[in-house]
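Enquirer: Sequence:
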Amino acid sequence: MGEIDDIIKKVVPYYKKRKASSEYEITYDSSTEQLEPVYFWILDFMEKMFRKTEKLTDNFASSPGSGHFSELQGKASQMQQEASRVLGTVNNILKGIINLIYDLKEFKLRLSHYDAANSKDKITKESGILALKQIWMDKVDLAQRGQGSLNALSSGNLQFVTLRDAFMIVDSPEKVDELDLNDRVKRILKPRIQEFLEWRKRSEQELRKRYEIEKIYLKSQVNALKLNTRWARPYLIAAEKLRQNESISSRPDLVTAFNTIFLQLTLMGIDPINVKDEVMDKKLPRDFVKMEKNLRKYNAVSVIDFEYRGIPSKAGQHYTFGGRVNVKFRGYGLTDKEIELVKLELNKSNMQAALSLVDGMTKDSLEQIQVDIDEILSDKSQEQKNKEEDLNPFSAIFSIFKSETKEEKKKEEDMSDEEKYKKIEKEVKKSENYAEQYIRNYSAAQGGSKAFTVYDVYKKGHGMPGFPFPYSEEFETKLPISAAEKWFLNKKQT
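For the sequence shown, our numbering gives the first residue as 20, with consecutive numbering after it.
Keep in mind that the hints are not guaranteed to be accurate.
The following label-pair restraints were derived from C-beta to C-beta distances [claimed, not checked]:
1) S239 x L161: 35 to 41 Å
2) S146 x L226: 16 to 22 Å
3) D475 x E386: 47 to 53 Å
4) M68 x N313: 27 to 33 Å
5) N201 x E225: 35 to 41 Å
6) E311 x T108: 50 to 56 Å
7) K333 x I117: 46 to 52 Å
8) S239 x K333: 44 to 50 Å
9) K35 x E438: 22 to 28 Å
No lab work stands behind these hints, which were simulated from the structure alone. We put the beta carbon where it would ideally sit given N, CA and C, even for glycine.
Could you put together the complete structure from these sequences and hints?
Expert: This is the structure in structure tokens:
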């Protein structure tokens, strides 16, 4: 217990030398009564009190000799087998997608010669036709005729030296007669030119048709891959959640031969501080409303830690837990960025590390080849896109701002957890002004007050003695020291 408290002290500069604004503890021990009602009563109460309630940690470990251990391990192995089966399908689909991508790239390269041959630009058209003639001679004519091909006739003993050069120059059978060649060469050249023109026409049609068919097939395979990865994720996550926490397994509470289970749960209640509303209620100075846009967003935060040490007993198809529960209530004042930083730090720990591997298995496989897939499946060429943009006279003006915002969003989305952590850490380390310090103290007092309310109402609602005097100085907003006051204090000391 207290892992979240340690993380907050580590990542939030304000709490590095400070404790939580308040801390309370309840210990409830009953081997006959169930422990679940304690958790759900506090959870339901927090959901009514706070704007947002989140579960940060959920760890467990049971003694190897217990029936609970063997049953959970059986469920975990079943999830692992299902995940392995689906991932095998994912692997086969992924191999097929990679082969399709390479095939489509070759088709695209071949089609670029046809596009060049159909171009209106004279030089581009000439280079495209020459490339197609070379392909026809190497792959069609040579394969069908062997020694009777143009390449063999030009370089063989028959000494038709001019045949290949003439074939590369002539565009139609009619133009063969215009060349200064003997009749033997012309008789060979005319049918070959006619055959090439027919091949060019039909091969382009077939190639474009096959290219479109394989594009459609690639789309279906990509969708199948996404669908199967979605099917795999629940099994992988369930198998990981059913894995015992290693740090808890070494606790002295868990004895191998005993029938014991140990659980760790953490809830975080977050209630944003609305400066306008607080000023209206005269809880914050009036001038803070003018500065609200430039101030950081603060939250009253209450963290509730649960530690269960229970004796699992089977009731029908499930287990019930009776035993000892220890609940700690803490209050904090944190900004939005600090809360995000706490979550990222928590994800770096062993509690969530394995779940990040699950994301890697299901997401990264597609991200590596996504650029090639997008390039192939995009229907419009870059030239067509540029023409469409040029039609709109205002696109050039607004595209500057659009591209910047899109790039910023993409950068944030594409950031890894480590990059996000470093970026947020820099923002968190920035010093606070007087108004922010004031709101920080106020949010910390509110967080402590709310933590006390949950603690006090739970005790009173369950017939336990409550606090006779609920007021405490720790719930009072302490005024931060201004720059002028700091200067006078330093003068007095010197």
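Enquirer: Give a verdict on every hint.
Expert: To see whether the hints hold, each was checked on the structure:
1. Distance hint check: the CB atoms of S239 and L161 are about 37 Å apart, consistent with the given range 35 to 41 Å.
2. At roughly 19 Å, the beta carbons of S146 and L226 sit within the given window of 16 to 22 Å.
3. Between D475 and E386 the Cβ separation comes to about 50 Å, which falls inside the hinted range of 47 to 53 Å.
4. A hinted range of 27 to 33 Å for the beta carbons of M68 and N313 is consistent with their spacing of about 29 Å.
5. A hinted range of 35 to 41 Å holds for the C-beta pair N201 and E225, which are about 36 Å apart.
6. Taking 50 to 56 Å as the suggested C-beta distance range, the pair E311 and T108 conforms, at roughly 53 Å.
7. In this structure the supplied range 46 to 52 Å holds for K333 paired with I117, their Cβ-Cβ distance being about 49 Å.
8. At roughly 47 Å, the beta carbons of S239 and K333 sit within the given window of 44 to 50 Å.
9. At roughly 23 Å, the beta carbons of K35 and E438 sit within the given window of 22 to 28 Å.
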